[in-house]
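Working from the sequences, and respecting the hints, build out all of it.
There are 4 protein chains.
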Amino acid sequence: MELLVRYLERSNSFSSALTPEVIREERLRDDLKYYFMSPCEKYRARRHIPWKMGVQILKIVMITTQLVFFGLNNQLVVSYKEENTMALKNLFIKGYSGVDEDDFSIAVYTQRDVYDSLFYVLDQYSQLGELSVGAISYAEDEDGLLLPLTVCKEYYKRGSLKPSDEAYDIDAQLETLCMEHDPRTANQWRKQNSSFFDLDFYRLVNIKVTFNLKGINLQTVRSRELPDCYSFYVMITFDNESHSGKVKLYLDIDAESSACQDWKISGTAQKNTHYLLVFDGFVILVCIISTTLCTRSIILAVRLLQRFSQFFQEHFDRKVCEDDQKEFLNGWYVLVIVSDVLTIIGSILKMEIQAKSLTSYDVCSIFLGTSTLLVWVGVIRYLGYFQKYNVLILTMKAAFPKVLRFCCCAGMIYLGYTFCGWIVLGPYHEKKYQSDGFPLTDLQKFLREHKDFPVVDDFSEKDVEPKCSTFCCCKRFPVNDDIILIS
Amino acid sequence: MELLVRYLERSNSFSSALTPEVIREERLRDDLKYYFMSPCEKYRARRHIPWKMGVQILKIVMITTQLVFFGLNNQLVVSYKEENTMALKNLFIKGYSGVDEDDFSIAVYTQRDVYDSLFYVLDQYSQLGELSVGAISYAEDEDGLLLPLTVCKEYYKRGSLKPSDEAYDIDAQLETLCMEHDPRTANQWRKQNSSFFDLDFYRLVNIKVTFNLKGINLQTVRSRELPDCYSFYVMITFDNESHSGKVKLYLDIDAESSACQDWKISGTAQKNTHYLLVFDGFVILVCIISTTLCTRSIILAVRLLQRFSQFFQEHFDRKVCEDDQKEFLNGWYVLVIVSDVLTIIGSILKMEIQAKSLTSYDVCSIFLGTSTLLVWVGVIRYLGYFQKYNVLILTMKAAFPKVLRFCCCAGMIYLGYTFCGWIVLGPYHEKKYQSDGFPLTDLQKFLREHKDFPVVDDFSEKDVEPKCSTFCCCKRFPVNDDIILIS
Amino acid sequence: MELLVRYLERSNSFSSALTPEVIREERLRDDLKYYFMSPCEKYRARRHIPWKMGVQILKIVMITTQLVFFGLNNQLVVSYKEENTMALKNLFIKGYSGVDEDDFSIAVYTQRDVYDSLFYVLDQYSQLGELSVGAISYAEDEDGLLLPLTVCKEYYKRGSLKPSDEAYDIDAQLETLCMEHDPRTANQWRKQNSSFFDLDFYRLVNIKVTFNLKGINLQTVRSRELPDCYSFYVMITFDNESHSGKVKLYLDIDAESSACQDWKISGTAQKNTHYLLVFDGFVILVCIISTTLCTRSIILAVRLLQRFSQFFQEHFDRKVCEDDQKEFLNGWYVLVIVSDVLTIIGSILKMEIQAKSLTSYDVCSIFLGTSTLLVWVGVIRYLGYFQKYNVLILTMKAAFPKVLRFCCCAGMIYLGYTFCGWIVLGPYHEKKYQSDGFPLTDLQKFLREHKDFPVVDDFSEKDVEPKCSTFCCCKRFPVNDDIILIS
Amino acid sequence: MELLVRYLERSNSFSSALTPEVIREERLRDDLKYYFMSPCEKYRARRHIPWKMGVQILKIVMITTQLVFFGLNNQLVVSYKEENTMALKNLFIKGYSGVDEDDFSIAVYTQRDVYDSLFYVLDQYSQLGELSVGAISYAEDEDGLLLPLTVCKEYYKRGSLKPSDEAYDIDAQLETLCMEHDPRTANQWRKQNSSFFDLDFYRLVNIKVTFNLKGINLQTVRSRELPDCYSFYVMITFDNESHSGKVKLYLDIDAESSACQDWKISGTAQKNTHYLLVFDGFVILVCIISTTLCTRSIILAVRLLQRFSQFFQEHFDRKVCEDDQKEFLNGWYVLVIVSDVLTIIGSILKMEIQAKSLTSYDVCSIFLGTSTLLVWVGVIRYLGYFQKYNVLILTMKAAFPKVLRFCCCAGMIYLGYTFCGWIVLGPYHEKKYQSDGFPLTDLQKFLREHKDFPVVDDFSEKDVEPKCSTFCCCKRFPVNDDIILIS
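Here the protein sequences line up with chains C, X, P and G, keeping their order. Position in the first sequence counted from 1, then plus 9, gives you our numbering. Position in the second sequence counted from 1, then plus 9, gives you our numbering. Position in the third sequence counted from 1, then plus 9, gives you our numbering. Position in the fourth sequence counted from 1, then plus 9, gives you our numbering.
Note that these hints are calculated values from the structure, not bench results. The hints are all genuine.
Identical chains blur together in the list; that is why a pair holds if it fits in one copy or across any two.
Cut-off 25 Å, straight-line C-alpha distance, at most; resulting in silico cross-link-like pairs (SDA-like, lysine to any residue):
| # | residue 1 | residue 2 |
| --- | --- | --- |
| 1 | 103 | 116 |
| 2 | 61 | 71 |
| 3 | 90 | 164 |
| 4 | 90 | 174 |
| 5 | 103 | 119 |
| 6 | 51 | 320 |
| 7 | 171 | 99 |
Quick look at the structure:
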């Protein structure tokens with residue numbers, strides 16, 4: 010750095026003789042100086058209008074606007090899913106209080122309550138049409154037949170427990186026994202299979218009730234968009250894995266949106282999606298321009314560096330030191346390019362979503378959100394052109410590695426404390442130890458929560474194929490060991 | 010500043026010859042010195058009694074007293090409105106738990122519950138007289154006829170949904186169908202119009218039940234003021250806009266107070282409002298004096314500055330630099346004048362309120378509150394006259410711009426984080442992200458909450474005119490598309 | 010200070026000639042040096058055993074022990090009162106949820122609920138004997154007659170409200186109508202006076218049900234103390250003052266403890282109160298010794314100062330400056346003496362309480378608590394004798410006034426903010442503004458809560474005298490205007 | 010330190026003559042230098058591969074892995090106990106809301122509720138088999154007879170209270186009256202002993218219902234471990250000690266796990282416990298190696314110190330000063346050794362637990378947790394070898410005593426505040442004072458909670474011996490005074 014500065018300074022002192030060599034040197038010196046100017050100084054020096062800065066400012070405005078539009082839209086979708094989940098919990102879980110206990114919806118403690126809760130699900134499901142106020146109904150397969158509700162119970166293959174004698178005789182292999190039934194005939198069906206519902210709680214590991222529902226998100230009509238169709242894969246789990254006298258009820262929903270197959274709509278202009286698409290296209294255009302400008306600047310900088318180091322080599326027979334080389338690579342440009350690429354990907358995803366050919370709101374929101382974050386952080390660069398702010402930013406830059414180093418030391422102690430605290434205090438009594446202090450427990454909870462996810466996914470993807478009649482197949486469930494079918 | 014100080018200091022060294030010119034200069038110097046003295050020093054120098062300071066201290070006492078009186082009064086009004094809201098929610102919302110969920114009062118999930126809640130409102134309203142313990146009753150129009158209760162349902166003009174087939178056929182235009190009925194004949198009326206109450210939940214967007222109540226705030230009798238009359242415009246909304254299976258119930262009240270038309274009161278002195286009016290008048294007087302004194306000081310300072318700069322021009326042929334000019338403008342005086350003007354406006358509003366010709370407690374409280382804040386902040390100025398405090402205040406002054414600059418940088422990062430967090434994390438699960446971190450969501454919530462406000466306002470203002478018979482007109486409601494009238 | 014130090018230092022340099030004058034000076038110098046030594050240095054210099062320090066350490070141990078004993082005892086009493094309050098609320102307030110809403114126990118919103126809650130109180134009271142699990146029963150007067158339950162309703166003398174017409178005609182004077190009845194005949198009595206219970210809610214201001222109960226705190230038997238007898242003056246208020254449709258129910262208890270009149274106890278040693286009294290006496294003794302020693306030190310210091318200033322006057326003809334004089338007054342001694350006096354008063358009170366001749370636990374706990382706080386703060390002094398701690402303490406001493414000054418400035422801004430916030434934000438919606446930020450609201454709440462206290466006090470003190478038959482006198486209630494008696 | 014450094018530095022300057030003496034000195038100097046090198050420098054100097062460092066890194070990985078395995082296992086056990094406690098509370102406590110109030114489960118306020126809750130326990134217990142969904146049943150003695158349920162009531166021997174007359178006559182001695190009954194015949198048994206259940210609430214101090222249950226933790230089958238058998242010693246207490254009208258219900262469980270006596274399991278590999286045992290053995294081995302290496306280093310250091318001080322004695326006739334001696338004792342080695350010892354003990358305990366010969370999860374988790382904490386803290390040492398981190402660590406080292414000293418001063422004030430606050434504010438109203446500020450109250454609460462523990466312990470240990478028939482002996486209960494037996 011010092012070398013570079015000295016070189017630039019010396020330039021003013023002796024430049025009397027005008028040999029071609031001197032002219033070349035002088036031009037390099039000018040270019041270097043110009044390169045390290047702020048947009049304002051550049052304008053003063055060569056009347057260079059700061060296009061790049063203008064593009065950046067335009068970009069901030071456009072990206073933020075785009076994000077707000079997308080966010081409002083996204084929130085509609087998320088709230089639709091959440092409200093449906095809440096509605097289904099209220100419909101199907103007996104005695105649901107409106108808030109989940111811990112990570113399950115409710116816990117029951119007596120055999121009576123287990124039976125009641127189970128039959129409640131079946132009853133409510135069979136009269137869903139008269140019950141629900143939402144736009145949902147039973148799912149159908151391709152032939153127009155209603156998809157059946159499936160009840161599966163998983164239990165130890167053999168198991169006689171005599172806790173009084175401290176004796177047990179168990180076959181640890183799990184057996185899964187399933188039944189399917191037509192949604193609308195719960196009552197007679199329950200009586201016919203009363204043996205299935207005769208649960209041996211000592212052996213029972215869990216009961217899973219699964220069914221599919223279809224819904225239409227009419228809400229979006231009002232914001233002049235086409236309504237989406239949703240498939241809800243609902244799984245209600247009675248979890249008795251721990252055999253501790255506490256049966257936990259979970260209701261998991263996997264909602265999947267898609268364009269509706271057959272629709273007719275009238276009475277709404279439904280044009281402004283076109284405007285939105287044009288706007289998104291314009292955002293992409295601006296980002297491409299911004300990327301191009303920044304790439305050009307980087308290329309110019311690299312070329313300048315080459316000229317400079319060649320000149321140095323020739324005249325002083327020395328290499329340009331590494332710190333000086335670094336000065337030529339402007340980190341801000343890299344930031345801008347990264348942000349632009351993210352925005353372009355995000356915008357394309359957004360357009361796809363609007364065209365109903367994609368439904369991955371989450372991925373898109375990550376791209377757009379991150380790019381907006383980077384763009385706003387990039388504003389700090391322009392603040393750096395003001396003298397007083399510059400001091401602040403340089404101070405921050407200098408302090409950063411020290412802070413990082415301190416965090417590293419503290420991190421070691423924290424890691425030790427985390428492990429120690431988790432094992433010594435974690436499992437006991439207080440919730441706060443479990444959730445606040447010890448990330449490990451969170452991890453564990455996360456794992457526990459998402460344990461069933463592959464199951465649900467499997468189930469939901471393959472859900473359309475099985476063409477078996479009522480009371481028969483259960484291919485879609487992950488069969489650990491054996492499955493006995495009642496047909 | 011330095012120039013000024015040097016000039017003042019030099020004054021003591023050479024002042025031997027007493028030409029008129031020198032005398033004039035000497036007088037200017039004296040005036041300048043005097044101008045920059047604290048009240049205490051002024052008293053010592055010219056036995057000038059600090060009237061201005063006295064007035065300020067008197068003002069603090071009086072404004073604070075006034076504010077406390079007004080605040081106690083204001084709280085009575087606010088608590089009356091709040092308790093009425095709470096009472097009406099308990100009367101009309103079935104299963105109301107005493108606290109609002111989120112921003113709605115309660116949510117229902119089954120068709121049965123929707124009907125029950127709706128009929129509950131009608132039933133309770135028809136027997137309001139025997140039910141409520143408060144001083145409220147049905148509102149009447151000018152002819153002494155009871156104003157009717159109105160039930161409006163809004164739905165999609167045409168709409169057949171088949172979620173099972175992923176098919177829908179919708180006319181996105183909204184139709185509003187309304188009914189009015191006499192408050193006291195709910196039961197027979199409900200039977201006669203059973204078709205109206207046959208809701209098609211797939212098409213239904215919302216149901217709005219609106220009615221007017223009148224109340225008298227007797228509470229103020231005890232603080233020896235005249236009771237106010239209140240009109241309550243109540244709107245109960247069953248919101249099914251999202252069609253997600255969750256119907257939200259809102260109860261919005263727009264309370265409007267006015268002087269009662271026909272009153273007779275005995276057994277209470279009811280005189281001290283006069284005292285209060287006199288006190289308010291006195292506050293205004295003090296504020297006018299304070300403003301006058303401060304304006305005078307500012308004018309004197311400007312004149313002194315003119316003399317000083319003229320003198321400078323003549324003798325040194327130099328302009329007084331800007332920093333020195335700034336020293337002549339005392340920011341505290343501006344603060345005092347602003348605070349005085351606010352107080353005067355606030356006091357006039359307060360007197361109007363006490364005379365029952367205005368009811369805008371909110372506006373008045375903002376004026377009085379802000380002025381009191383400024384007056385107390387103004388006390389810091391007098392602390393500045395003590396040597397040691399002065400150091401403190403100067404330090405604060407110096408640190409302020411740096412702190413501001415830091416906030417500016419942090420603000421950029423925060424803005425980026427806000428947008429990013431809102432879009433990526435915001436809509437998901439946890440309430441805390443929605444309310445804590447991301448102001449955008451708050452904004453959104455605010456917009457959602459006040460979406461209905463213009464409606465309510467329209468409705469409440471025009472509410473008195475429509476003279477139509479029962480079961481007929483609905484002019485007062487904002488008719489989006491069509492309205493079919495059942496007459 | 011400097012003068013003093015210089016004087017002490019000079020002492021070592023020239024002390025060759027031994028004239029009587031020099032000897033006297035030398036002795037003064039020695040005494041001065043000795044005076045400013047720490048206990049440790051004193052011991053090294055003159056083998057002076059640090060009695061004072063020993064006494065202080067002993068005192069800390071003893072006072073803390075005493076406080077712990079008293080605290081455990083105090084908590085028994087407080088928890089007895091609290092549990093009784095909770096039990097009575099559960100017995101007499103219909104639908105009590107176990108926690109008070111805001112500052113009232115529960116709120117009712119319909120006429121039906123008001124009647125139900127009122128009759129519930131009467132019913133429950135009439136069958137108290139079979140109901141309560143605690144050691145309470147009805148209070149008796151001197152003749153062994155049960156004290157009656159009193160129901161008072163307060164209402165506007167005249168009042169016809171027509172909210173529909175915005176019309177009212179009110180006599181703001183309040184009338185109080187009371188009834189008394191024998192505890193055990195609620196049912197028939199209610200029927201006989203059905204007109205009394207025909208409430209006109211427009212005029213009704215409040216209903217007060219008052220009765221007396223007696224209880225015995227048996228719990229203390231187990232800690233080998235005599236059980237106390239308690240009188241509970243219970244007042245249940247139905248507050249309709251605001252006429253807002255929300256009737257608030259308060260249950261206030263005024264518990265008064267006294268020694269039981271007639272008791273016989275066996276099977277317990279009941280001796281250790283004697284030990285406690287002896288211990289308290291010992292604490293008082295130690296405190297007296299400590300006070301004496303400190304007073305002596307102060308007197309010696311004053312004498313030394315006199316000698317020193319006299320010497321100064323004679324030799325240098327100068328006065329000892331004020332700062333040096335201050336060095337002679339040891340602030341710690343004053344602290345110790347204040348703490349000792351508080352302890353002595355507290356201990357005497359404690360002994361009286363143990364001897365059952367006093368029951369003012371609150372006053373005693375303030376004395377003992379404050380003295381313990383001071384004693385522990387006094388420990389810092391001994392830390393000051395260690396070199397390194399001393400630096401810390403001196404720094405604290407120096408920083409204190411600056412911190413205070415800053416707080417003063419911040420205080421002004423806070424005051425302004427408080428007033429402004431209270432008036433502008435305070436009365437609205439959120440509880441947190443009311444309780445957190447704005448002390449004024451707390452004050453107001455406090456005033457509201459304790460509004461009824463003088464009533465309760467009056468009532469409880471004069472409670473024993475009135476000898477009137479059932480259904481008659483109401484002397485004990487503060488009669489604002491008129492009282493009509495139903496006899 | 011300086012001396013040492015100077016000595017080491019001088020070594021380079023003059024070492025020309027090679028007398029044996031000089032060689033010996035030179036070798037000492039080399040050894041000293043080598044001793045104070047970092048592992049990296051040692052490797053460069055003598056190609057010494059840093060075994061010790063490698064072992065430490067291996068140890069961190071292994072110990073952390075071990076801890077995670079143990080923690081997951083431990084959590085299963087803890088959650089099993091907690092879920093059982095929760096299940097039993099829901100089964101046996103009438104009206105249990107799912108969360109404990111304060112430290113008791115629920116409080117009842119009327120005689121009716123006390124009887125109901127008591128009979129509810131008996132009823133539920135008698136039909137436990139049809140009720141519970143968990144793997145629990147009644148406990149049996151050796152002869153295969155079911156262990157009886159015991160109801161004990163404790164009351165004052167004699168006691169007639171007349172609160173109305175402020176009179177009482179009490180024998181403070183406590184009498185305990187017990188009954189036992191066969192689990193399955195509650196109804197008839199309750200009728201036959203109706204006199205026992207005729208409670209005199211004035212005299213009643215508490216009722217204790219105790220019974221034993223047996224359970225099997227089947228959950229561990231799924232993680233391929235053998236299920237443990239559990240004994241639950243349940244005690245339900247109706248606490249009327251305070252006679253304040255509030256009877257508190259506690260349900261205390263003492264769970265004890267042991268290997269089941271008679272088991273047969275199939276269908277699971279159940280091999281990986283062997284792997285775990287091998288892994289634990291390997292951890293122990295690594296720890297032994299680590300300890301050995303560190304001990305060797307310490308011994309070498311001591312020997313080097315001896316050589317150095319001997320050399321110093323001979324050549325300079327001076328002792329090595331204490332600070333320099335301290336430099337030879339490496340605190341990190343001590344830390345490593347302590348951590349190793351803890352790990353070894355913890356691992357042995359863990360192996361015992363896995364082999365089902367021990368069940369003290371708590372003790373083991375403290376050993377393993379602490380050792381992991383120390384190991385991670387030890388990582389800081391290796392960070393200290395990097396130049397920049399070293400500065401940080403040295404700064405921390407220097408600041409530590411000052412921080413400690415400050416805490417000491419603040420601690421004194423806090424202690425005083427604690428005592429004062431506890432006594433003055435503590436017992437009143439607000440829960441937050443009781444739990445937040447004042448540790449004393451926590452202590453007190455702790456003592457109150459664990460008051461019954463010895464009782465439970467006694468009871469659970471001796472629980473197996475008494476062979477008395479139903480309705481007879483109560484040896485197992487701590488009999489304070491007398492016990493009357495109903496036989």
